[in-house]
Amino acid sequence: MTVRDPLTGLTGFTDIKAPLTEIEQPPFEIPRTIPKLRYFLQAALALEFLTIPPYLTAMYTIKPGTNQEAWYSLRAVVLEEMLHMTLVANLLNAVGGTPVVADPRFVTDYPAKLPYAREQVPIALRGFGREAIRTGLWIERPEKLEDLPRTGKEPDPRGWTSIGQFYATIRAGMRGLSEKHPDLFDGDPGRQVGPEDFYNSGGRAFPVTDLASALEAIELISEQGEGVPGSIYNPDDRLFGQAKELAHYFRFMEVHEERRYGPLDTPASGPTGPALPIDWSAAYRIDPQAKVADYPVGSEVRQAAEHFNLVYARLLWLLDLSFNGEPKQLQAAVPVMLELRDLALQLYANPHPDPAKAARGVHASATFEITGAELSAAKAELDAGVGATALLASLA
Amino acid sequence: MTTGVPLTATALASAATPDAPPAAPPAKDVDRFVRLSVALTGFDAFELHGTGLAEFYLRTVVAQVGRPAYDDLRKALEQAGLDPEKLEGDVHQDLARAVAHLWYLGVWPPLSAAVHAELRRQVANDAFTVAPEAYVQGLVWRTFHGHPQGAKAPGFGTWAAPPPGEPELPQPGRPVRGHGGKTGGGR
Amino acid sequence: MSPARDLDGHRYDVIVVGAGWAGSLVAKRLGSQGWRVLVLEAGTTTLDTWAGHLDAMNTFYSSLIKVPNAPYRANTAAPSPSVLDTVPGKDGHGYQALGYLVQDGPLPYGTDYLRAGGGTGMHWLGLTPRMLPQDFKVRTQFGYGRDWPIGYDDLQHWYCEAEREIGVAGDAAEQTEEIGLPFPEGYVFPMHEIPSSYVDRVMAKHLNGKTVFDSCTDEPVELRVVNTPHGRNSTPNPAYDGGRGFRPQDAVGLPNYGERCVGNASCTPICPVQAKYNPLKTQAQWSRKVTLVDRAVVSRVLVADNGRVTGVEYQAYDDPATPVATTRTVEADVVVVAAHAIESARLLLASELANSSDQVGRNLMDHPVMLAWGLMPHQVGPFRGPGSTSAFERFRMGESRREHSPWRLVIANWGWTWAAGSPGSDVAEMLGIPDSPFKPRGKARYGPALREQLGDRIGRQVAFQFELEQDAQPGNRVTIDRRHRDALGNCRPILSYDLSDHVKKGMRAALDVSHQIFELLGAEERTRYTSDAPSYFEYEGTGYTFNGAGHGCGTHVMGDDRKTSVVDQWQRSWDHANLYLVGCGSMPSIGTSNPSLTMAALALRSVERIHQDLTELHRPLVLRPTPGYAHPTEARP
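The listed protein sequences correspond, in order, to chains A, B and C.
Sequential numbering from 484 applies to the first sequence in the working numbering.
Sequential numbering from 24 applies to the second sequence in the working numbering.
Sequential numbering from -1 applies to the third sequence in the working numbering.
Next comes chain A alone, as it looks inside the complex:
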């Protein structure tokens, strides 16, 4: 497969030969029925979620203690993606939907294609490096003005070229539906995740209860990723009274360019501020298409990679519960994320069990593979009180 890099028109991401996995998608158009709107919001939930493992992989393959500035940039992006996912769940719940998380149809394998993306750009689990950063740039790139759907005008049925377009399409549908259905936002408010259950990450979660809060959520998601139109900053200073912060695209650009944005920089100027030192070699090199099956059965790496996926499945269940009526479970999800971090860091620090790959300096990976088997095992563990549910009870 050859992919044209949308930033420059050059071909790129040529290393991925495997077909990309993707979730089922009905045609791309402005959603004009409530079920269709819910479906699009579920696709948006999947989209936000799909971006997290690649960003985490880039972050956790940085050798500990090195590339600290890049590490904190990635961290900020990851936490804002988690906020986006939560806000999308709030949107979906607000319109009476049922967010699906712990389901292999939702969590696809990698390399994956983002739902409704026009181009076949592989979203892969790449170690920290320019390719990983370019993946982030592709995901977060600002929308071009000419690509914005005009009011009521159908989007390009081939899909979006920026996530902002995707959300603009959802927004158009939501506006139209709210005129036809005054009770559009009648979802159970008890299913909303608020600031008590989620914060510490790029602004605060807030409940979606009407069109105004829905539009605010969409605006926040688009602009934290791509920036306030014409600016390199996200809207947090306006929405949350915080210090000015870069939108994701521009954070990635800083790392890519190894240079900070200066106070007067714009999207067009690129970063012209102080140097941002990056040591591209201070990262564990991994196979971006690694699978558990690559590791010999019974080996320590195999066991650890399988264990990682099991804990990952537990996280999915906790998120699923959080978005389906038990928002307090989000508190319990955080320790599980941190447990995943520890397991992932150990994996990346281990040489690949295949001696030939190890000789080339390739390390083991966390593979983020989810099947029905992992999910049911994790569910059984949770029901038996292992891990975070019990913790949550003790915190209550």
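Since the hints were made in silico from the structure, they are not lab data.
As the structure is a computational prediction, the values presented were derived from the model and not from experiment.
The reader is advised that the hints may include incorrect statements.
[Stated by the list, open to error] Label-pair distances were calculated between CB atoms; the ranges are: (1) Arg843/A / Asp484/C: 54 to 62 Å; (2) Thr854/A / Asp106/B: 41 to 49 Å; (3) Glu191/B / Glu217/C: 57 to 65 Å; (4) Gln786/A / Gly188/B: 15 to 23 Å; (5) Pro49/B / Gln786/A: 20 to 28 Å; (6) Gly188/B / Ala49/C: 38 to 46 Å.
[To be verified] Simulated pairs of lysine-lysine, DSS-like, Cα-Cα distance not exceeding 25 Å: (7) Lys561/C / Lys208/C; (8) Lys663/A / Lys519/A; (9) Lys441/C / Lys109/B; (10) Lys51/B / Lys546/A; (11) Lys500/A / Lys774/A; (12) Lys437/C / Lys109/B; (13) Lys663/A / Lys774/A; (14) Lys51/B / Lys840/A; (15) Lys546/A / Lys727/A; (16) Lys774/A / Lys862/A; (17) Lys596/A / Lys774/A; (18) Lys98/B / Lys109/B; (19) Lys98/B / Lys441/C; (20) Lys774/A / Lys840/A; (21) Lys88/C / Lys437/C; (22) Lys561/C / Lys135/C; (23) Lys840/A / Lys546/A; (24) Lys287/C / Lys727/A.
The C-beta atom is built at its ideal place from N, Cα and C for all residues, glycine as well.
Following the hints, complete the assembly by docking chains B and C onto the known chain A.
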């Protein structure tokens, strides 16, 4: 819009797994060091590699006591079937202690004065943390399912959960501790 | 920030000496009221950027002994004491003081502080219990120490304000029920309580409702594990502030970070995510009216013939490693000295100011901390969470205070780290590595045995901190002597310190309580006080050692009589009406609480009075005869 990204086809072609960096100690050396460290520490090879510091520790040991003394220790342990109990001689025993100490705490300890003299070491016989990251990767915290103080934080409220194998216990204090409507008294 | 040397001859409304906790709060409030405030900091201000914070983290990781000042860079121009400065005496008895503090008292003063932007508040543990109403009246009620000129009710509003500035997490209802603390009707803290640790829960399971006896008074004391209020981000309480809720303050230098404690378990000496309050968070809220100048060591407060202070003289230096300084002066209408109890006293003594009462430097206090430690029969999950999340509070109150010092009995979450240097000491012991290369080595355990035995030992560690109230004694004091100077030529503090029999008797009673508690826990008691420790002393045939709590108090105590106190209830010098001495130094009794919250409340209360003073000074001139200047408190009914 201008993106400012100077992509070139060459850069994009060098995807996936680039060429290996110049090797420091050969991987085989590191593997042998990890094997003897497994015997000394009781942690398996995955856990030791998982610190990311195996190669650095090997270099540290060699820098501290010299290649010959390290090789002697390694051979002695290998000949003893990797059973540290069978190590003989003050030098071997003290170096074994030091290697285990290094893994557990990230700190190179002082050797016994006699061993220090016998090895004719050219460095001060002082304890030091070999790298900031070495403290963070100390194994001692894992022995009781903890985490190093100041790193690898396990998340809000985790300190309330029991360690493995112990029962859940309630929050002390008043029996009903819902978060709604609780206020200070007006005395 | 202006370079320190460019200020020569400038004039401000207020000069604040010290960019620590009290100074940062005073500057924030006065700046937001529109006053032009200059804050002079003796140390460096590297900690308010993320790069500076990460440097401190790496210094912390690398330090062999992780004492409170371990993460913070040494500074020759503005040296700080370290708890490692007091070492055993030459003949194996007594102590020697090797560092910045000169000590000549019977016992060592083991408390440190930090001279850098943020001050000692960078390494506080993060506990914010309020003082008890009875703590303000110990002389009247219990016959020891000194009374305050104000009481709990005078501070109620300011406690609430301080809890807002710090962002306190706690359970106000429990504080009322268990300790009897009054709060305004319907009050909740800004955030819900920090969850009690598993160690706390084990304690509660074994001890809640059980009774121990005070061996001095035979008084029974019921044991209750009570959650402690924290200056640490927890879950915001939507009911706070009449339903307006609370937004936690994030890290300084890295937005969206540290909005909730994640359990790094290193509050002292440094919170990696800055979920714990520190004064830099207050500085981040300063208005543009506030100017901070670092590397400016105030060497004198300047006074005019009419008794009013006119400004300060300070030494500006560039390189903390090369103590070369230029002396400058700067003027203001009001000078606020907020430099830590010991440094503020030192500055006043060097300036020969404010001391008509002869009380400057006297009444130096701390909470002497007696440690007790043991091994539980099962794993308790130590070394997790904040250093302490709960305490037994009932030893703070009641008639026993007449007989001996009261104490907060603090449950430690970090095993024997303070008591015995765990877990490093456990590793060394199991490997047979003694504390000196010249001592014989023991047999080492290796492999799975080493791993399992270490886990078994460390996982069962419990410890208690008995934090005793120290009564104000005029003989416990800070002095200066021109023979003892630092690199810039400033006089170093000379400390004379001892524990009264009231405190020693308290330790005896505390030790007896610890025996009873270990018995009830079924724990193996491991407390050992060794005679070669610097703080070792014997009392009625039993040996004790104690540690500093980092709670330096006294030295410019407040009172209602200018003949016996240094400042009035507003922390204003009796001798100089426009000189304020703000900080723990003003506390006439240290009470039974960690003092930071009370210090913050006092500072905020003083701001109101400083604002009034400045407003009066800047009132438009009225052309009619006015009475001569009177001290404002005397002028008011």
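Hints and how they fare:
Restraint check, Arg843/A to Asp484/C: a C-beta distance of roughly 58 Å satisfies the suggested window 54 to 62 Å. Checked against the given bound of 41 to 49 Å, the beta carbons of Thr854/A and Asp106/B, roughly 42 Å apart, stay inside it. The given range of 57 to 65 Å is broken by Glu191/B and Glu217/C, whose C-beta atoms sit roughly 35 Å from each other. Restraint check, Gln786/A to Gly188/B: a C-beta distance of roughly 21 Å satisfies the suggested window 15 to 23 Å.
Hint check: Pro49/B to Gln786/A, Cβ distance near 27 Å, so the stated range 20 to 28 Å holds. At roughly 42 Å, the beta-carbon separation of Gly188/B and Ala49/C lies within the given 38 to 46 Å, and the hint holds. For the proposed pair Lys561/C and Lys208/C, the alpha carbon gap of about 48 Å is over 25 Å, so the pair is violated. For the hint pairing Lys663/A with Lys519/A, the CA-to-CA distance comes to about 15 Å; that is within 25 Å, so the pair holds.
Distance hint between Lys441/C and Lys109/B is fulfilled; the C-alpha atoms sit about 12 Å from each other, no more than 25 Å. With a C-alpha separation of about 21 Å, the suggested pairing of Lys51/B with Lys546/A holds against the 25 Å cut-off. The straight-line distance between the Cα atoms of Lys500/A and Lys774/A is roughly 15 Å, inside the 25 Å bound, and the hint therefore holds. The straight-line distance between the Cα atoms of Lys437/C and Lys109/B is roughly 23 Å, inside the 25 Å bound, and the hint therefore holds.
Of the pairs offered as hints, the one joining Lys663/A and Lys774/A is violated, with about 48 Å between alpha carbons and a cut-off of 25 Å exceeded. Taking the CA atoms of Lys51/B and Lys840/A, the gap is near 14 Å; set against the 25 Å cutoff, the hint holds. Of the pairs offered as hints, the one joining Lys546/A and Lys727/A is violated, with about 29 Å between alpha carbons and a cut-off of 25 Å exceeded. Restraint check: the Cα-Cα separation between Lys774/A and Lys862/A comes to about 22 Å, which is no more than 25 Å; the hinted pair holds.
For the proposed pair Lys596/A and Lys774/A, the alpha carbon gap of about 17 Å is at most 25 Å, so the pair holds. For a cut-off of 25 Å, the pair hint linking Lys98/B to Lys109/B stands: about 12 Å separates their Cα positions. This hinted pair checks out: Lys98/B and Lys441/C have alpha carbons roughly 21 Å apart, not beyond 25 Å. Between Lys774/A and Lys840/A the alpha-carbon distance is near 14 Å, which keeps this suggested pair within the 25 Å criterion.
For the hint pairing Lys88/C with Lys437/C, the CA-to-CA distance comes to about 19 Å; that is within 25 Å, so the pair holds. The hinted pair formed by Lys561/C and Lys135/C meets the criterion: a straight-line CA distance of about 19 Å does not exceed 25 Å. Distance check on the hinted pair: Lys840/A and Lys546/A sit about 19 Å apart at the alpha-carbon level, within 25 Å; holds. At most 25 Å may separate the alpha-carbon atoms for a hinted pair to count; Lys287/C and Lys727/A meet this at roughly 21 Å.
Comparing the model with each earlier hint shows violations of hints 3, 7, 13 and 15; every other hint is respected.
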